[in-house]
Amino acid sequence: MTTKEYESYYVPADSQWPIIGALALFCIAFGAGGFVSQIGAETEGSGWGYLLMTGIAIVIYMIVGWIANVISESMSGLYSEQMSASFRQGMSWFIFSEVMFFCAFFGALFYARVLSVPWLAGDGANVMTGAVLWPEFQAAWPLIKTPAGGETQAMGWFGLPLLNTVLLLTSSVTAHFAHLALLKNDRTKLKLFLGITIILGISFMFFQVEEYIEAYQHMNLRLDSGIYGSTFFMLTGFHGMHVTLGTVMLIVVFMRVLKGHFTPTDHFGFEAASWYWHFVDVVWVLLFLFVYIL
Amino acid sequence: MTTSTTDMAHDDHGYMATGIKRWLFTTNHKDIGTMYLWFAFIMFLTGGSMAMVIRAELFQPGLQIVNPDFFNQLTTVHGLIMVFGAIMPAFTGLANWMIPMMIGAPDMALPRLNNWSFWILPFAFTILLSSFFLGGAPNFGWTFYAPLSTTYSNGSTAFFVFAVHIMGISSIMGAINVIVTIMNLRAPGMTYMKMPLFVWTFFITAYLLIAVMPVLAGVVTMLLTDTYFGTSFFDASGGGDPVMFQHIFWFFGHPEVYIMILPAFGIVSTTIPTFSRKKLFGYSSMVYATSSIAFLSFIVWAHHMFTTGMPLIGELFFMYCTLLIAVPTGVKVFNWMATMWRGSISFEVPMMFSIAFVILFTIGGFSGLMLAMAPVDFQYHDTYFVVAHFHYVLVTGSLFSIYAAAYYWLPKWTGHMFNETLAKAHFWCSLISVNLLFFPMHFLGLAGMPRRIPDYALQFADFNMWVSIGGFAFGLSQLIFLAVVIKCIRGGEKAPAKPWDGAEGLEWTVPSPAPYHTFSTPPKID
Ligand code: HEM
Ligand SMILES: [Cu+2]
Numbered sequence: 000m001t002t003k004e005y006e007s008y009y010v011p012a013d014s015q016w017p018i019i020g021a022l023a024l025f026c027i028a029f030g031a032g033g034f035v036s037q038i039g040a041e042t043e044g045s046g047w048g049y050l051l052m053t054g055i056a057i058v059i060y061m062i063v064g065w066i067a068n069v070i071s072e073s074m075s076g077l078y079s080e081q082m083s084a085s086f087r088q089g090m091s092w093f094i095f096s097e098v099m100f101f102c103a104f105f106g107a108l109f110y111a112r113v114l115s116v117p118w119l120a121g122d123g124a125n126v127m128t129g130a131v132l133w134p135e136f137q138a139a140w141p142l143i144k145t146p147a148g149g150e151t152q153a154m155g156w157f158g159l160p161l162l163n164t165v166l167l168l169t170s171s172v173t174a175h176f177a178h179l180a181l182l183k184n185d186r187t188k189l190k191l192f193l194g195i196t197i198i199l200g201i202s203f204m205f206f207q208v209e210e211y212i213e214a215y216q217h218m219n220l221r222l223d224s225g226i227y228g229s230t231f232f233m234l235t236g237f238h239g240m241h242v243t244l245g246t247v248m249l250i251v252v253f254m255r256v257l258k259g260h261f262t263p264t265d266h267f268g269f270e271a272a273s274w275y276w277h278f279v280d281v282v283w284v285l286l287f288l289f290v291y292i293l
Numbered sequence: 000m001t002t003s004t005t006d007m008a009h010d011d012h013g014y015m016a017t018g019i020k021r022w023l024f025t026t027n028h029k030d031i032g033t034m035y036l037w038f039a040f041i042m043f044l045t046g047g048s049m050a051m052v053i054r055a056e057l058f059q060p061g062l063q064i065v066n067p068d069f070f071n072q073l074t075t076v077h078g079l080i081m082v083f084g085a086i087m088p089a090f091t092g093l094a095n096w097m098i099p100m101m102i103g104a105p106d107m108a109l110p111r112l113n114n115w116s117f118w119i120l121p122f123a124f125t126i127l128l129s130s131f132f133l134g135g136a137p138n139f140g141w142t143f144y145a146p147l148s149t150t151y152s153n154g155s156t157a158f159f160v161f162a163v164h165i166m167g168i169s170s171i172m173g174a175i176n177v178i179v180t181i182m183n184l185r186a187p188g189m190t191y192m193k194m195p196l197f198v199w200t201f202f203i204t205a206y207l208l209i210a211v212m213p214v215l216a217g218v219v220t221m222l223l224t225d226t227y228f229g230t231s232f233f234d235a236s237g238g239g240d241p242v243m244f245q246h247i248f249w250f251f252g253h254p255e256v257y258i259m260i261l262p263a264f265g266i267v268s269t270t271i272p273t274f275s276r277k278k279l280f281g282y283s284s285m286v287y288a289t290s291s292i293a294f295l296s297f298i299v300w301a302h303h304m305f306t307t308g309m310p311l312i313g314e315l316f317f318m319y320c321t322l323l324i325a326v327p328t329g330v331k332v333f334n335w336m337a338t339m340w341r342g343s344i345s346f347e348v349p350m351m352f353s354i355a356f357v358i359l360f361t362i363g364g365f366s367g368l369m370l371a372m373a374p375v376d377f378q379y380h381d382t383y384f385v386v387a388h389f390h391y392v393l394v395t396g397s398l399f400s401i402y403a404a405a406y407y408w409l410p411k412w413t414g415h416m417f418n419e420t421l422a423k424a425h426f427w428c429s430l431i432s433v434n435l436l437f438f439p440m441h442f443l444g445l446a447g448m449p450r451r452i453p454d455y456a457l458q459f460a461d462f463n464m465w466v467s468i469g470g471f472a473f474g475l476s477q478l479i480f481l482a483v484v485i486k487c488i489r490g491g492e493k494a495p496a497k498p499w500d501g502a503e504g505l506e507w508t509v510p511s512p513a514p515y516h517t518f519s520t521p522p523k524i525d
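Going down the list, the protein sequences come from chains A and B.
Using numbering that gives the first Met the number 0, count along the first sequence one by one with no gaps and you end on 293.
Using numbering that gives the first Met the number 0, count along the second sequence one by one with no gaps and you end on 525.
None of these hints come from the bench; they were simulated from the model.
Any given hint might turn out to be false.
If you want the footprint, here are the derived chain A segments under chain B, 3+ residues with CB under 8 Å [unchecked claim]:
id : region
1  : 16-27
2  : 48-59
3  : 89-97
4  : 112-121
Which chain A residues face chain B? A few, computed with CB under 8 Å, are given here [unchecked claim]:
id : residue
5  : Y8
6  : D13
7  : S83
8  : A84
9  : F104
10 : G155
11 : Y215
12 : G225
13 : Y227
14 : S229
15 : M233
Idealized CB from N, CA, C, for every residue including glycine.
Let the hints inform the model, and build the full structure from the sequences given.
Next up, the structure:
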């Protein structure tokens, strides 16, 4: 690295966005805390919900403003190659932290499947656990009958989940094609493939919602149907939230493409969104394997 | 890039906003570092006053000042505040102040994100503390074990969970910033193996943070849904397991304790060479030792759970892995001693804290080794012995290192020398009282006094009284530090660029106080 690059490292001026963001998180966390703790209480809905909504509104305002700020700085050429490297590294470590977040839930899934469910049925050194607590209980996965006796049905992998797998895998490929097109500066193809990716993402979310409706209305598979329902909905649910976020990122990128942003050499925003999208895709493959098939 | 940034008014190097706006909107690593440090100190006093009430209650057997439930709230919030509000932000503050100066960078790599990371914290702790007035603060211990925090929660779980979520966001963003700054903004010629060890330890700590803070976020989320939305992660009647909570929590928790000690290693590896007027002994072995401690910290978590009835193979695995950590830790302690060996040592206040650190942290390490042996841990677990252990590593370890760092760099930060007499008073008062406070806890624990208890059997009375006296004395001694800092900011002997003649590093090449913007062009490293 040459000295010259260092000279142009851009240290932004004072900015109001971070403190607005902190305020937004405060409203969200405090509002959500109050809101959730009132669930089922007589005082339900007493103002906390508004605080939460205010927080969400502020956070959207903050994100839009902050990103607009960054984009305009980037477009006016304030960023050096070194600055882009900072952004890229920051984004990749952020994705890494997201991976670790999913690890916690996968860990819970494996722990339940491999350890706690068999133990509850008396496996290992736990004969007495089985005999004393729930003598009728049989270990199985998916756990369709809980120790306490609650019953549910297992979600098969055929049908909607398989369709969703195909959709998401295809979208990862089209996202990659869009990237290749960008590198060759083929703007038409870029728009085409990016558009397809977004449509695929939205269809994925649509079918995911269908699947949830099916689970709740016809299969009695719910968030509170024991550990199977817990892991199923928490894993697919958090994944779905990430797909939503990824789609929003792609849509923003698409609009920037329409405006003529990004060059074959300088397109951090595009890269970030597409990395995120691939990450979401990989998580889904693992989900499909361990939540649905196996 | 040809566009020069100097044509933007705000990039003039003298630029600094004034008044409250400076602190709210700042992107300057020094401002943000200062805010982190002050925030940590305020939290330290807040958590400390809770400890004073705890010690007052425990001064005598019997219940006298607070009721048991409030006592539990105090121990819980004391622990949470000290871990997440005092020690961690203090280290982040030091990282902010020093890393860019030590590697010759103009600032942190992502300055706006940096400001966001900081400002989340006061808000997060506002939420946590306000739960005292909203039906009761968390009372399930800083480790918030299920089902205490789920089925038997006093209704504070939701506030607690969301407060932890935003603290987590803050830590993760802070860690990403540290990593990117170090990877990307080192001055030309500053290779990884030329970085000060201080920078290395923060680098590795930042990796630990981004690896485990998301797991913490995951486990509190499960806690939330178990408590309020009917999931069964930690509920055996639904096929889950309360012990699963402990596994996930300690997968975060053990690396977390290293997050609070690795930076301390970095600090004393800076101060000891300075005041011994020798190079750090075994620099590269220090780097490798730090990395292997970080790696091992991921496979020892269940040493906190020996008594939960894990399979034998689990007990053995986690016991041996834990004992293995003593090896790289020992490497470090021996390196510090070898650095001092035959050095021309002088005993300035930062050095006094550093030497105290080495000795007292080692005591904490030894009690850790005792706890790490599964068969004897059955006896020690959940007694005051554990409390003694982690206070030796955290108070005389992490906190003392933070004091060493503060005294070491105060001249650089404020431009004035601190009042040596007062600082020495702070040191000696702290040193004596801290041992009076924590050493008898070993005996209490070995004799069987359980931790987290507002009342105790009569035979523990004498030691507890001594412990409480030590506690009050230690608490008061910390006010001396406040006085030293305020005096030092207000005035005092002018500090030269390099007040410690044995000191090395780029931060001493700039004047004291360090200019608002350092190294807008990178220095040369050879
Ligand atoms: C020499 C290395 C160390 C070893 C072998 C070790 C071992 C242990 C063990 C086995 C326990 C569990 C005791 C029990 O609950 O029965 C424990 C608890 C604890 N350790 Fe360490 N430790 C070491 C270093 C540290 C360091 C450096 C820190 C922090 C700076 C630390 C902080 C803690 C804390 C906070 C607890 C108590 C957690 C709780 O609230 O239950 N330890 N340690
Ligand atoms: Cu541990």
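Against the structure, the hints:
| no. | hint | in the structure |
| --- | --- | --- |
| 1 | 16-27 | holds (count 9) |
| 2 | 48-59 | violated (count 0) |
| 3 | 89-97 | holds (count 6) |
| 4 | 112-121 | holds (count 5) |
| 5 | Y8 | holds (5 Å) |
| 6 | D13 | holds (4 Å) |
| 7 | S83 | violated (10 Å) |
| 8 | A84 | holds (5 Å) |
| 9 | F104 | holds (6 Å) |
| 10 | G155 | violated (20 Å) |
| 11 | Y215 | violated (13 Å) |
| 12 | G225 | holds (4 Å) |
| 13 | Y227 | holds (7 Å) |
| 14 | S229 | holds (4 Å) |
| 15 | M233 | holds (7 Å) |
Hints 2, 7, 10 and 11 from the earlier list are contradicted by this structure; the remaining hints agree with it.
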